[in-house]
Each structure stands twice: as structure tokens, then as C-alpha cells.
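If you read the protein sequences in the order shown, they are chains A and Y.
Each residue of the first sequence is one higher than the one before, starting from 1 at the first, in the working numbering.
Each residue of the second sequence is one higher than the one before, starting from 1 at the first, in the working numbering.
Hints in this document: simulated from the structure, not taken from any laboratory.
Glycine included, each C-beta is placed from N, C-alpha and C at the ideal position.
Hints should not be assumed to be uniformly reliable.
Said to hold, decoys possible - Below, in silico cross-link-like pairs of lysine-lysine (DSBU-like), each with a Cα-Cα straight-line distance of 30 Å or less:
#, chain 1, residue 1, chain 2, residue 2
1, Y, Lys445, Y, Lys375
2, A, Lys480, A, Lys319
3, Y, Lys480, A, Lys480
4, Y, Lys448, Y, Lys531
5, Y, Lys192, A, Lys482
6, A, Lys482, Y, Lys478
7, Y, Lys531, A, Lys173
8, Y, Lys480, A, Lys193
9, Y, Lys445, Y, Lys347
10, Y, Lys173, A, Lys174
11, Y, Lys123, A, Lys583
12, Y, Lys375, A, Lys583
13, A, Lys531, Y, Lys347
Claimed, not checked - A few chain Y residues that don't get close to chain A, going by computed Cβ distances all over 10 Å:
#, residue
14, Ser8
15, Gly30
16, Cys606
17, Leu627
Number of protein chains: 2
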Amino acid sequence: MSSSRRASCGLDLCSATDLRNSLHMASEAGFDFICLSIVHPRFKRELIGGKSKNRTGAFTRSDLILSSSDWNNLIVGKLSPYLAVDSEDTHFRRQSEEALNQELMYAAHLCLPAVMVTLRGPKNTNLARILQSKFQSNSTYQVWVHVFMESPAITAMQQRSDMNESEIALEKKKNDTWHWWNSFRSVCNFDKKLGLALEVSPDIPPDEVVSRWAGEPLKCLVLPTSLFLTNKKGYPVLSRPHQALIRSLASLDVQIVISGNDKHGNIRYYHQYMDHIWQTISHVDPLTVYARGYEDYLQCPLQPLMDNLESQTYEIFEKDPVKYTEYQRAIYSVLLDKISLEEKDQKVLIVMVVGAGRGPLVRAALNASQKADRKIKVYAVEKNPNAVVTLEAQQEEMWGDQVTVISCDMRDWEAPEKADILVSELLGSFGDNELSPECLDGVQKFLKDDGVSIPASYTSYLCPLQSSKLYNEVRLCKEKDKHPLHHFETPYVVHLQNRLELAPVQPLFRFDHPNRDEIIDNRRYKCLNFKISQDCVLHGFSGFFDSILYKDINLSILPETHSKGMFSWFPIFFPIREPIHLKAGDILEVHFWRLCNRKNVWYEWCVTSPVPGPLHNPNGRSYTIGL
Amino acid sequence: MSSSRRASCGLDLCSATDLRNSLHMASEAGFDFICLSIVHPRFKRELIGGKSKNRTGAFTRSDLILSSSDWNNLIVGKLSPYLAVDSEDTHFRRQSEEALNQELMYAAHLCLPAVMVTLRGPKNTNLARILQSKFQSNSTYQVWVHVFMESPAITAMQQRSDMNESEIALEKKKNDTWHWWNSFRSVCNFDKKLGLALEVSPDIPPDEVVSRWAGEPLKCLVLPTSLFLTNKKGYPVLSRPHQALIRSLASLDVQIVISGNDKHGNIRYYHQYMDHIWQTISHVDPLTVYARGYEDYLQCPLQPLMDNLESQTYEIFEKDPVKYTEYQRAIYSVLLDKISLEEKDQKVLIVMVVGAGRGPLVRAALNASQKADRKIKVYAVEKNPNAVVTLEAQQEEMWGDQVTVISCDMRDWEAPEKADILVSELLGSFGDNELSPECLDGVQKFLKDDGVSIPASYTSYLCPLQSSKLYNEVRLCKEKDKHPLHHFETPYVVHLQNRLELAPVQPLFRFDHPNRDEIIDNRRYKCLNFKISQDCVLHGFSGFFDSILYKDINLSILPETHSKGMFSWFPIFFPIREPIHLKAGDILEVHFWRLCNRKNVWYEWCVTSPVPGPLHNPNGRSYTIGL
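Chain A with its partners taken away, still in its complex shape (with noise of 0.2 Å):
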């Protein structure tokens, strides 16, 4: 979510007859940049008939009409419209080749930060290679791809009568300014430098078309003026249906271009309006708050089991609003379940918190106890010796002979005695990431047979993802001196913005404790199948967990039922290899494993439909969790 309240907007000029003047105007107007053909349509060079080369006289205007730092910072750079490198007739496609050439040069030459090109139909081939040919010789510009929300045709076609199905569904292909793009960025094999600029049209197309959108690595919204109603003051307003679209899209740090004449009497107007949309935009939410900064950021999942947590870490996990609060109801309601009004004075339940940290949960149970009026006696069970040092302060401080501090892994602990309630949080952002399962193994011999875990259960859930954003963060991850796929074959933690979800998410894995099977077999193997509703690409899937702690007391990441306000996880990311493209009414089948071996534990996985790929992370060569 972007912290700023101001938009960040820029101003398309149609032409700019002098250009000093024009920026002045435009910077005094609050606009934040200029849009701006790279080359002056007075130049306009000859291309059909005779050799460029042989023309005299300056192609455009000089560099020296701004400073250097002018054209670094406010200056987007326009193709013009008329190139065609993409055109059936040979000659007119060199000439434009080399016009093209000429331009990208000149936008170089200025170091202008991003240079825009405009799609007008389904073939562009040539021109992304040209593109991409600058992205590998280190071309300093971003190159914004300026497309249509949806075309004008794709809304034409709704009513016409005289095709079949099949010819409405190639036009409407054909005519898809998503495929547009998405045939330009995959010849451009995703490259980070690409971004979307996206012009809104007057009619919205429906919430699926505009979320694929979102997934993708918009930099822009164009806004032609000609979309703006005029209120009762005469003011630029943007239609409700507008002002939503654009609101929801404001969260991916979107800047806007304002392009067309002015209709209101100064363009200073559309600048304040959408300061004021920005600014109406709310951030209340604590998750909203605290992850701030991490929107599609990486970071390795912890293991917590094999490395010992950092002061601060503990310190950021303490202060969730919701777990701790969670847990202290289920302690509270299982308290109440297994003491009865008439036994509390006597019956004193024995709590095992194992992996007590610095002592959330311990304080939980006491607060638990408290407030049930129940008797607890508790044993805090933890490994790092450092959080120990925590404990028994607290201990001695507070707690008395009530707590008793046990240094040692949970793994190995002899206890003097059998548990009624087992209290751990060792959960991950995918459920038994952290281990939990052969953790709660390896204590549950010391819980009494009509003993209680907290969590009682817990499962994981996935969901297939499109997002560019995260393939390229996924990319840069690269390490010489691992596998050269391990980037691609190890899960990421990661506050998911820039994305698209393609189906529903759905439950994989769950673990019950306590675990009461003859052999208990932590190993796992599903297969999933995922209905896809409209064309896309996989970049790969989300993961997210919920826990039933006790009875109807849950936690959940799951978007649709996440605990509210609770920030402790975010959602893991497993990555694929290779984009896959997908079609509308595709079946998406992935198949995922949990596997161990006596010092590991690691996930394999790999989708078989709608085409069959590779196996990711065989016998966890790239990702393991340690035991």
C-alpha cells in the first residue's frame, strides 16, 4: 500500500509547440512530469520513399532546451505513432525500423526515465524484439507499454449477431488488449523494465478483466479528460464506477497520466481531484499498517527449529492484536471444559507451553487461568537459550512456582510428569512449514490421554497466482553458488499486492494432534485441480493456513477468512520455473508433496495439466527445512 497521499501525476502533452513554457505551466499546475513525443512532430522524418540518411537539418528538437536533470527526472518520452515495425510491407517496416532506432537512441542520448510505446493491434513482434535487443545492451529507460483497458471492438462485438461462437471467441482474442500485451512481454521474456501503462476507458469492462490487470506490473493509469463529468462547481469529478476503479488500483503505487485537452478551464483541476481521491483512500487496517514497505517482497521462511530467533523478531511477533488474544480463549475454554464449578478449588491442570519464546503464551494461560478462575500449573519448554533468559526473569519476577522454565528442545525433554493441555505456536505461513507436526510428535507422549493440543489442527491451502512482479523478484534471486534453479524451487514469504488469483484456493495439507495413528507418517501427497476462468499466466501458487485452536476458536491467513487485524504471517509463495500460459476453461492440476528423511523435511511439486512440466525441488535440492 503506498504511504503517500498525494498522486504522483503526469501530464501527456499532445504536442508542445515550446517546450520550456509547456513544463513551467505543467510543473506550476502540480503535475509531477510531462509526457512528450520524443521527436517533435515538426521533424517528422520521411519515411515512405528516399534514404533518412540522406535528409539534412536536425531530426528533433536539441537537447540543450532543458538541463540535463530536467530530462532525467520529468520527461516521458513518446514513440511516434506512425512507426510501424510490425507492417506486412518490407520497406515501410526498415524505414520504421530505423526511425524507431533513431528514437530510442535520442531517449538515451537525454537519459530519459522511461520511454512509452502504444499497441494498436494484435501483432508487435518485431517491435518487442527491438525492445528487448535495448533491455539486453543495458538501455537505461523503463519502457511503458500503453494499452487500452479493452478495446472499443471487444465491447462492439457483445452485439453482434452474425458470428458463431467460435468467430466471436478468436475476434475477441484478437482484439484482447490483455493478449496484446501479453504476447509483448513474453517475447520480452518478462523483463522487469517493462511496465503497463494502462488507459481507463469510459466503459468499465467486467471486475475479472480489471483484476487480471492488477496483476500486473501496472506503472500507470491514463486518464483522458474526455472520462471526467463536470460537478455543480464546474470542477473535473470522476464517475463512482471511476473513482472505485481507481481507488482499488492505488494500492499497486499506480501513477497517473492525465492525457487530452483541457476541458475545465485549467488542468491544475484534474491534478487536485485526484490528490483528493488519494487522499480519501483509508489505511486503518493494522495488517495494512505493519506491512507497509514489504508489499511483494521477499523473505526466506524462517526456521525457527534449526536457527534461534532474534530479540526483535520476538519483540514484532508479541505485539499481534489478535493470536495471543486467540490463544487465550481456547486456553480459557478448554479450562472451563475440564474443571468443572465444583472442582476448581482442588483440580489443578497441568500446561505445557513448548516453544515459550519469551513467554506470550505463558501469559496467556496465566491471563486464562486468571479470568476462568482455574488452577494451572505450567511448564515452559524452550530451546533457545537466549529467549530462555527471558523466561526466567519473568519467572522470578512475576510467575513464582506456578511456571517452571525448562531449557531443553521439546524434543528431548524428559517431563516429570503428563500434560492435560499441550500450548504451542510453532506455525508457519503454510501451516507445517515450521515443523510443527514432528515437533508436537515428539512431545505428545508426555500428554495425558484425555490431554488437549492447542492448535488442534491445522491445514494448508493454495491458490494459483499470476504475477510478473514476483516472477522477476524470484528471478533476481539467483545464487552462483547453488543449484541454478534453487531460486525456483524454494517457497518465499511474502505480502502478496501485485497479483492475481486464478481460482479459488483449496485445502492441501492438514495435521491433527494429538496424533493418534499406529505409525505416524508426517509425509504428504496431493493433487489439486484448479478451474481456470479466463486466459492467463501462472508464475506460480500462494500458500496460507488456517488452525483450529480449540473447538470453534481458529486463526486463518486465508484471504477470505483471514483473522481480522492479525499480522504474524503472511502468505508463502512457491514459485514455477517457467511461466505457464493458461486458457480460459483450462483445468490446472498441480501435484504437491511433503517429504521427509531423517535430518529434512521439504515440499516437491509440479503442475501435469494442462501441459505436463518438471518436477520442482527433487529430493529438496534447493530447499530443505532442517529438523
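Since chain A is already given, all that's left is putting chain Y on it; use the hints.
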């Protein structure tokens, strides 16, 4: 083409009560190896119910029965047919996994050369995952995947009338054994330890099904004895169609496995019959003889412009029985066209041989002159000083004044007079890929206005290919110091054998000489569409050329029109980064560019349909041809 005149033949033993005796008997009958259950059926484990760990006694026969070298060389281990690691029943699945691991461990213990596993249905993802994990942990054995050429269910389906088209298509795909195999090997990431053991069916499937199998890594053909007929003398023989099938696949160095009960009195007869078939395969084509040992072997294309060829390279190419004959015919034909009978004693044509090498074209010109009874004067221009030595020697000893040897790069040479005929042999496997266009452009200023270039034109051709063999060969070409994708962005010269052509070849780039364009531009760009007729996998494109030397005198390496016996060129192969799964009816769209700068020429390529993919070799980052 296999050089062996014997079939390598194995015997599949359904049961071997006495292993030593069975092996002795098979060996006496001339068999090279036997296939045998890893776990003797006698020791069949209690798969369902009970922990197999608790069983006492050995689970199979002892390794002491045979010597290590027998186990290592003569035994292919078969996995037990009752293992069902893809069962939906979790318990049965886990038991099967344990038993499978035990069998594979034992196969590794015995150091068997190969393990054979039969695919019995479409679902084999977990099986593939387990085998892939063994490949990852450096298992030594090959895995032979045993499948039927065509599932009996498919044959039966043809007769069904109670299903609609899409139901039939779905059922067909589910029962298509190629899809079982394709999905299996895709999960295993096309591992080169995977081979096919293809069981020949009584009814031979359609040609395109057979040729798709021929594009797979075929290790052996399994022939059930039930396939054999009995001839008049009581010996086993195959039907003519089966004979033809086996002959067509024998070129892939395939082995034979005879399975089932002996129906003809002695198993020796089956083996003798296979030897008979092998002996009747003819090897007379000079290309085949020349190419022996080069099957599917990747070579980097020559760069004769940048590097000087070696003496032995000249020697090999000079032996081509066809190429120089055709050049001689072309020169002969030009001479007769240019000099009438009346002029024959006065008129002398100037012939420039540019890139004369060690002189084969000079000889061709002189021969043509003599045969046509027309006078010529020859300039032999050659840039390789080592080859000039050979030219000078011949000039002094044989050619005399008729030939002038010029030691110079043809592009730098200042000719003393203009030529009537410009003869060159600068073509690569892909026509222009050894920079013939650039070289000839450089010398054509010394060609008279009515002068003739031999060759007059050449065209490159493309064909989409499936070949896991080539895909694996390309993967092995990874080099540490180069771009990580370099090996997937480089074309290779290769004698194609183990592959499937996915559509008819199509012409790509054409060059004409002399080139009379106002501005000479040897860059090219073209987009080709191939219609795909059956489900398959794209691994890259084969490239060919043909050339018009003069009028109707051609050279061609296209499969359909190959100049008979000419061996100077193998095809070229352009790989793609990742295999693309294609469906029957798909339109495969591919873009090819020929691009140049001052120093280099290179190709870029990109598949854009059915799914858009990344540009290969942008800016020539992985492969260029030096000017």
C-alpha cells in the same frame, strides 16, 4: 544408422525358477541379456496390511547367485507389477512406495544396467517423482519405461458409436500411451537416463503414431512371441508390416526384447530371425556411410570467414561425389549460353572463383571449359594462405597461365578486370549462415552487368522438430563462462536421426546474386505458421537450404529433394529454451530474424503461438557469425 549387422537381443523371463540355469540357456540361444523381476515373485511381500518392516527373512534372492559382472551386464531388472504408488488409497500407496524403494535400492546394490517399469494407466506422477529423485541422487541404472505402442482401448474406441466427438477425444487422450509416457518424462524433466521400451502391438497404429514414437529415446522394442507367425518350415517369422516397422526403427540403434512363451520349439529361432532382419537392412547410400557415427551429434557450425579451415576439412568436402559435378554442369551450361559455336575460338570468358580453397571449383571450371570446348581465364581468389599454397602448386604444375591465383580476402581484392562468371561455394547448412550474401555483395562490383553468379540464389527452410535426444544433447552444451542460456540460443549442425518432424518444411529467407537493389540489405524477418497434426512436443527447428546454381541445376539438402549422395552438409538445428507441448490442430507460429551490425551477423527466433515465448539470442548475445 547402426553399423552392426546383428540385433542386440534380450529375453524377458516371466519366471526363472533357477536363475543361473535360465541365464545359461538364454546365453546359449544367443541372447545378449535377460529381463527379470528384481524381486522374485516367490518373495512377494505382504503389501496390503501389516508393516513390511516387521517381516522376517529376505525379500528376494541373494546377490551371490550370479557374479557381479553378470548382474552388471546381463540383467535388466523389472519392477513388480503390483506396485501402485499412484493409488488413491493412501495406505496402499505408502506400502507400494516402500516396496518400490526397496526394489530400486536392490537394483542399485546389484548395479543393474537398467530397470524396467511398465506404465499401466495415465496416472504416474508419483512414480515419476520417485524415479526422478533417484536420478537426482546419482542412481547408476537407466530406466526403461515399458509402454504399449497403442493401447487396446484406443483400437476398441474406433468402433464405439455411443460417444460424441469430445468424449472420444478425451477418452483417447486418457488412453493414449504416448500421453502416459509424455507426462511421465515431463515430470522427470526429460532426464536422459529415461528410455523407452516400446511393446509392438498386433495391429500397427497409423504412420504418424509410429513416427512420433521414432522421435522418442527408444531403447528397445518388446516383441511378444504371440506376434510371430509360423512359416512353412515351422520357424517364427513376422508379418510384412511388422518387418517393415522394425526395419524402420532399427536405424535408431534399438535393441529387441523377446517376451512371452516359446511357441516354436526353441527360443533361439526368435533371435536368429531378428538377426536375419538386421542383415537385410541395406546401407548403400553414400551419405549414410559418410554420416556413420555422427547421428544426432551436435557440431558448432563452421565459421570459414573468421577461421581458416584445416587441410583435412578441405579433403573431406572435396570428396563429395555430387557437389562439384553439379558446379561443373552449371559452369558448362553458362559457357554454352554465353559463347556461341561461332565465337568459341575467339571469345574468352573471365571466371572468378571466390573462396577457391584448395581448388575444386577451379578444376570444375577447367573441366567444364574443356568439355564445352569454350575458352576461359580463371582467377582463383582465396584468403586462407595455407590453402593458397595448394593452389599455387597446382597452378605451377598443371594449370599454367590459364589460372591466376590471388591470395586475398575477396572483399578487399581489387580485380584487374570484370568477370563473366562469379563462382563461389560459401553456403552453410542454412544457406546464408556462412555469410555468402555479405561476401558476394563485396565482389559483385567486379561482375559485368550481364555477368552470372553461380550460385544464382539460395533459400533457407525451417521445420519444427520433436526430439528429446537433441534437447538433452543441447542441455549438455552448457558452458561455465558463457551466458547461462547460450547453449539454447546457438544453432548446431547435426545429422538428424532420433526426431519427429512436426509439419512439412517451409521456405524462410532467400538471397539472389548478383544483388541489384539500390540499397543492399541482407537483414531478413519472417513469420512462419505450421499446422500441427497430432499432440507432440516442440524442442526446436531443423534448418535446410536449397540453391539454384544456374537455371535448373540445383543443390538441395531438403529431406524431400535432397541431392542424392551429396554429403557436404548436414542440417542445422535451432533449439528452444524449454520444450513446448503442442496439440493437434494448433498453429505453431515462429518468427525468425537475420540481423547484422558492422562486425557480425546473427539469427534471433521466437515462438509466439500457440503460446507466446521469449526471444532467443537477442542482440546475438549467445551466437554470432563474424564478418
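Given pair status - A/Lys174, Y/Lys173, alpha carbons within 30 Å: Given that 30 Å is the threshold and the Cα spacing comes to 29 Å, the pair holds.
Agreement of Y/Lys445 and Y/Lys347 with the hint, judged by alpha carbon distance not exceeding 30 Å: Given pair Y/Lys445, Y/Lys347 holds - Cα atoms ~22 Å apart, limit 30 Å.
Satisfaction of hint between A/Lys583 and Y/Lys375, Cα-Cα up to 30 Å: violated, 69 Å
Given pair status - A/Lys173, Y/Lys531, alpha carbons within 30 Å: Satisfied, since the Cα-Cα distance of roughly 19 Å is no more than 30 Å.
Closest CB of chain A to the CB of Y/Cys606 still more than 10 Å away: Violated, because the least Cβ-Cβ distance between Y/Cys606 and chain A comes to about 6 Å, which does not exceed 10 Å.
Y/Lys448 paired with Y/Lys531 [C-alpha distance capped at 30 Å]: violated, 45 Å
Exclusion check [Y/Gly30 not at the chain A interface, CB over 10 Å]: holds, 40 Å
Holds or violated: A/Lys531 to Y/Lys347, with C-alpha atoms at most 30 Å apart: Given pair A/Lys531, Y/Lys347 is violated - Cα atoms ~80 Å apart, limit 30 Å.
30 Å limit on alpha-carbon distance, applied to hinted pair Y/Lys445 and Y/Lys375: Cα-Cα ~23 Å, so holds.
Least C-beta distance between Y/Leu627 and chain A, which was stated to exceed 10 Å: holds, 18 Å
30 Å limit on alpha-carbon distance, applied to hinted pair A/Lys480 and A/Lys319: violated, 37 Å
Given pair status - A/Lys480, Y/Lys480, alpha carbons within 30 Å: holds, 11 Å
In summary, the numbered hints that this structure violates are 2, 4, 12, 13 and 16.
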